[in-house]
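Trainee: Okay, here's what each chain looks like letter by letter:
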Amino acid sequence: MNRTLGALDTHREDILRGMRDGAPAALGTVPYGLVLGIAAVSIGLTLPQATGLAAFVFAGLASLTMVDLLGGGASIAVAIAAALIVNFRFTMYSASIAPHLEELGRVWRWTLPFFLVGPVYAIALNAYERGRADHHGWYFLGVAIPSWTVWVVGTVVGVVVGAGVPESLQLGFAVPLIFIAIIVRFLEDVPTVLAAVAGGGGAVAVVDLPFNLGLLVGTAVGILVGFAAQAVRG
Amino acid sequence: MTDYGSLVIWMAIAVVAVGTWVFRTVFVVLFGLLDDVPQRVHRILALIPAAVIAAIVAPDLFLREGALAVGIDNEQLLAGIVAFVVAWYTENMFVTIVVGMGTLWTLLFIV
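Chains as they are written, first to last, in this note's numbering: chain A, 1 to 234; chain B, 235 to 345.
Derived from the structure by calculation, the hints contain no laboratory data. All C-beta atoms, glycine included, are put in the ideal place defined by N, C-alpha and C. Hints are not guaranteed to be accurate.
[What the hints assert, rightly or not] Partial list, computed: chain B residues near chain A (C-beta under 10 Å):
id, residue
1, I243
2, W244
3, V286
4, A289
5, D294
6, F296
7, G305
8, I306
9, F328
Just chain B, with the same shape it has in the complex (with noise of 0.2 Å):
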């Protein structure tokens, strides 16, 4: 749950609409200044999202309650772990979302 006010997360929602938008369209609209981005800069960008997106899942895969829990009684981390292999070899996101949910529901209820 969050604690915040509507005015603040629609803010929120405003500066980040905004900065995306900026982002899509800087290139679009400054073409000829800059040629073409160069390879090394591409490489860099890429980066990115592989980094950013693992600091936001691994806290929440790996830890309960703010400890380190890395025991076979952690179902979100076993459920993560299989989705992460079904989502490797199909890259398909239906059914890592169907396997995830169906391996956490196996686990909690089930197991």
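Isolated chain A (complex conformation) (with noise of 0.2 Å):
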């Protein structure tokens, strides 16, 4: 067997096992992405509008807030703040991960750390930590390629699905559903939790600014009080 096929060999197992590490966690994404196409939907975006949000963006959270805000009225600039606030938290996932891909080439670093969402992040990170991937970016792809594939496919079946249900019944209540089932993963001590009381006490204080810009002041007073909070604590 010459060099080449033997390279696209070992491609093709880290892949596979990529991918088989990386199934459970698509599951996953399967409520969140029927809620994005519903909500979406629901707020007057298009098919494709959805789709291309879900795809390139590939952020839950952000998606949502985006769509949550612009059906409540609120400015697209606010909007798209707000999904770049939430999703600046990709830069601690960033770091964490960097040394582990530090000896792929350059086409692989600019592009693999797309697909650095939550779970996919973990997974990958558990396996280089154990030295079992072998630092290769084909197992990370692998490992990004259900969630995202899901992810996308979740959120077509939610418009499809969304258009035809009726205004009585609030499916758009899921995407405060699921804001309250992720907030929970972030309470982890008592100046996370002071951020939360404060951040959304002070958005609702303020609701009344124009362009739903109540929403930056309160997670602005938010994070304020939970640095307090941490720096009384030490």
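The task is to assemble the complex, starting from two chains supplied on their own in separate frames and drawing on the hints.
Mentor: As structure tokens, then:
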């Protein structure tokens, strides 16, 4: 067997092993994608727009944030800012996984991090730290493929299904429910709880600000209060 | 309903997509410039999701047509509280959605 074929065989093995490790995480994106699709169609986004949002941003929380805010009449600038603030946490993942992707070529390093969403990050990091994946880009790609595919398909199904559901069922309420399901994961200690209470309270208190700016004010208040709590507790 | 046109929506998707990709890529590409994120910065970054998600969801639950509504006639708030308790103990998104929607429908159509 010549060298190229041997290398292709290894790539295939790496990508398949990644897909096996990544498959369970893909299941977790199903309710998320469905809800995004349902919510997107209910605020008037088209199927291509909803699919594009899911496929190109590949971040559930930020996508739902945009849809929720636009549906509530927020200005586009506030919706964009909120989505970017929500996604700023990915810089942590980026820094944390960077040493493991160091030896990959330029193309890999510029493209692979696109898939750096929570579960993919956790699975790949775990494999790298056990020395199982040999730092191959193909393995990472394999881990990401099931989640990305199921997420996009779930969104499409959500759009199709959502278009036929009567308004009175209030399926859009699934969006705040997802936010509730997610926020508990970030409530790790007293400062994060205080940040949430202050953030929510602040946003409600200044809700009359134009363009949904109250969201950004509330977020800032929450971060400041959490920061102060961290400082007091050392 | 959003009144923004198709072009504006697509531009917003593009901006968020590129910005998100930059956040995810920055340290992988610049590796070596920054040895490790200081613990202090980690802890501050950990505050952001809690603060921003609460700021998004609280108005959805506590307000009705712009006015504070914390009575038992606010079905969304009650269902949200039930969902929060379920989320806290199960950490399961699917169960949280099912129980939350079930509670809302019960309050809206049965009670």
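Trainee: If a hint holds in the structure, say so; if it does not, say that too.
Mentor: For each hint, the structure was consulted:
1. At its closest, the beta carbon of B/I243 sits 5 Å from a beta carbon of chain A; the interface hint therefore holds under the 10 Å criterion.
2. Contact between B/W244 and chain A, as hinted, is supported at the beta carbon level, the nearest pair being about 7 Å apart and thus within 10 Å.
3. Hint status for B/V286: holds, given a least beta-carbon distance of 5 Å to chain A, under 10 Å.
4. The restraint placing B/A289 at the interface with chain A holds, with a minimum CB-CB distance near 4 Å, inside the 10 Å limit.
5. At its closest, the beta carbon of B/D294 sits 4 Å from a beta carbon of chain A; the interface hint therefore holds under the 10 Å criterion.
6. Proximity of B/F296 to chain A holds as hinted, the smallest CB-CB distance being about 5 Å (cut-off 10 Å).
7. Given the 10 Å rule on beta carbons, the hint for B/G305 is violated: about 15 Å separates it from the nearest Cβ of chain A.
8. The closest approach between the C-beta of B/I306 and any C-beta of chain A is roughly 17 Å, which is over the 10 Å cut-off, so the hint fails.
9. Annotation: interface hint on B/F328 holds; nearest CB of chain A at approximately 5 Å, less than 10 Å.
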